[in-house]
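Let chain A serve as the given structure and place chain B with the ligands on it in line with the hints.
As you go down the protein sequences, you meet chains A and B in turn.
Just so we're aligned, residue 36 is where the first sequence starts under our numbering, counting upward by one.
Just so we're aligned, residue 30 is where the second sequence starts under our numbering, counting upward by one.
Among the clues, some could well be false.
Sample of chain A residues lacking proximity to chain B, with all beta carbon distances greater than 10 Å (derived) [to be verified]:
| id | residue |
| --- | --- |
| 1 | Met36 |
| 2 | Ser87 |
| 3 | Leu222 |
| 4 | Ile312 |
| 5 | Asn326 |
| 6 | Asn375 |
Among chain B residues calculated to face chain A with C-beta under 10 Å, some are [said to hold, decoys possible]:
| id | residue |
| --- | --- |
| 7 | Gly48 |
| 8 | Ser50 |
| 9 | Ala52 |
| 10 | Val54 |
| 11 | Leu96 |
| 12 | Glu120 |
| 13 | Thr127 |
| 14 | Phe134 |
| 15 | Ala193 |
| 16 | Lys200 |
| 17 | Asp208 |
In case anyone wonders, no lab produced these hints; they're calculated from the structure.
Owing to the predicted nature of the structure, the values given are computational and were not obtained by experimental measurement.
In this text, a Cβ means the ideal position worked out from N, Cα and C, and glycines have one as well.
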Amino acid sequence: MVALARKTLIYEWRRFLPAMLAVGFAGLLQLLQIALVLGIFGSTSLYITGSSADVWVGYPGTQSVGSGRTISADVESRVLMDPAVQRVEPYIWVDGDWRGVGETGGVSVFVSGIDPGANGLMFSKALPPSLRARLVEPDAVVVDRSALDQLGVDIGQTATINGHPVRVVGISSGLRALGGVNVLCSLDTARRLNDDPADNGPTYLVAKLRDPSKAGAVAARLRGATAFGPYTTWSADDFARLSVLYWLFDTGAGAGVLFLAGIVFLVGAAITSQTLIAAVNGSVREYATLNALGVGVAALRRVVLEQAFWVGALGLLGASVLGLLLLMLARSQDVPVVLNVPAALACIVLVMGLAAVSGLAAMRSLRRADPATLLR
Amino acid sequence: MHPATASQQISGPALFAEGISKAFVSGQQRTQVLDGLTLGIEAGELTLISGPSGCGKSTLLAILSGLQKVDSGRVHALGSELGQLDPRALERFRLQHTGFVFQGFNLFPALSAFEQVELPLNHMGLSRDEARRRARVSLEEVGLAHRMRLRPSELSGGEKQRVAIARALAKEPELLFADEPTSALDAANGQMIIDILHRIAHAHGTTVLCVSHDPRLVVHADRVLAMEDGRILSDRRTHAAVTQSKEIPS
Ligand SMILES: Nc1ncnc2c1ncn2[C@@H]1O[C@H](COP(=O)(O)OP(=O)(O)OP(=O)(O)O)[C@@H](O)[C@H]1O
Ligand SMILES: [Mg+2]
Chain A
36 MVALARKTLI YEWRRFLPAM LAVGFAGLLQ LLQIALVLGI FGSTSLYITG
86 SSADVWVGYP GTQSVGSGRT ISADVESRVL MDPAVQRVEP YIWVDGDWRG
136 VGETGGVSVF VSGIDPGANG LMFSKALPPS LRARLVEPDA VVVDRSALDQ
186 LGVDIGQTAT INGHPVRVVG ISSGLRALGG VNVLCSLDTA RRLNDDPADN
236 GPTYLVAKLR DPSKAGAVAA RLRGATAFGP YTTWSADDFA RLSVLYWLFD
286 TGAGAGVLFL AGIVFLVGAA ITSQTLIAAV NGSVREYATL NALGVGVAAL
336 RRVVLEQAFW VGALGLLGAS VLGLLLLMLA RSQDVPVVLN VPAALACIVL
386 VMGLAAVSGL AAMRSLRRAD PATLLR
Chain B
30 MHPATASQQI SGPALFAEGI SKAFVSGQQR TQVLDGLTLG IEAGELTLIS
80 GPSGCGKSTL LAILSGLQKV DSGRVHALGS ELGQLDPRAL ERFRLQHTGF
130 VFQGFNLFPA LSAFEQVELP LNHMGLSRDE ARRRARVSLE EVGLAHRMRL
180 RPSELSGGEK QRVAIARALA KEPELLFADE PTSALDAANG QMIIDILHRI
230 AHAHGTTVLC VSHDPRLVVH ADRVLAMEDG RILSDRRTHA AVTQSKEIPS
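Only chain A is shown next, with the shape it has when bound in the complex (with noise of 0.2 Å):
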């Protein structure tokens, strides 16, 4: 089978160079938003998954991480009760106003306090053992290095937290927060931190299972009692899938994501299409020679279809290696990008798409090859 397809688009590869780059430009923009949006948003659930607690427990009704209220610590021993569970420990999270040593004003942060223990469950993937011995101390708290500039601190320097003095012990990374500044600290650090009377008990309550796959029939489990006052339990995954869900949606980011990967999509495809149709009208009076020897129509269109799908590839191909610098390049930033395997088929899926989309439009040209027209 002589591959007019290929050997077109090799021959040719200046008139279908436009094509193989608007399929390319879209599927890029379109795994950068993603990488992007799942970088921001993805932060939103890092205390969940920068943990290595298997059951949260928290007040009912709460929608992410960062609005939770206090529970009753009495709900530890219910918690513990349950033979599931190997480690159950309090997490504390105070909104707190910050005021640094340097010229910056009131920087609203996010209080972390955590078990500094060794065997702490929170954050246990995201700090390292040396820094979390060092919240030990009193009054000492970790910061992020990438709000380093925004606290304008130090090591070693102080400032006060709703009041009350803190001192930076160490710095972490990759503890981005959206909204706000993670500061980490010490259970009873942040006890003090916390200036409204009325809160008296954790935030929540993390637990560790013997076996972490159960995490889903233990959180149901342990859900219902009321004798403690009012409290709930998800799985980890539950909550940071709810806890990301919510900033997606109740932001308007999720409505923007799809909005914008729509409009990519319709201009990718109006530009590839375009292209396709000029490629298949200059040829146009070649098909219709071959039409006239009795190649059918079909066969035509799968000359068409073919050279979509090698311009969709090659697309692809070229996002997927200036994406993956990118992305590279933003890591070094610490700009905060994330791909997954679902976002990266999404990708895929779309380039493809419209590439079919385009050929699918380029084909109707054909009709145009109309061997009569070759008579005149």
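Coordinates of chain B with the ligands only, in the frame set by chain A:
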């Protein structure tokens, strides 16, 4: 001998048009291009249709080859009535039985001469080896054995038209249609093309129908139909053809 037996396989003319009419309507204006034309074309001959520009030569060719529908009348080709065939069946008929050569060469810029010829054969259900054998033989027959690997941009106009002829010839069609095959070429190249078409008709028993207003070609045809205003004015066998047909035992 061989040409005679080939042409005897079909009883009566290979192509027969019976009272065909064709009009084009554009806006308010209606142009009657063909009006009740009846015509038979014999196998194994090079038949030339000549006439002034716009008299309906190309339209007649398009109708006889099944590329265009008639308004009224019938066209019989190799025992089938073309008007009865649906577009699919017409495509299949053309695939199996017809070859075309157009004024423009219509070659794919990306393909070598060999691939141009091989491409339609791929769609005829031939094996790869058979398709390649036929492509090679056809290109040799038009004198391009040494040019098979070249792309159209590396070929002269006459060579390109010979590739187009080889593309039609490799299908081993019973009917070969050519519309102004020489008008884009100089005298020498035009001469060579008409010689090849003539040889194809005689060597393969192919029905070759050629449209041209080039008077130099008239002497090379077996039969010349002069057309004007959609009618056949004269139908004569040329001297060259008469002497040649005497050589062929019938
Ligand atoms: N698709 C069409 N629509 C309208 N009119 C047409 C169409 N095709 C042909 N005609 C008209 O039919 C007439 C005959 O056209 P045709 O192409 O058969 O002429 P021709 O004899 O081949 O001329 P030439 O020698 O210049 O090629 C012309 O007047 C032309 O304008
Ligand atoms: Mg014409």
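| So which of the earlier hints does this model not fit? | 1, 5, 7, 8, 9, 10
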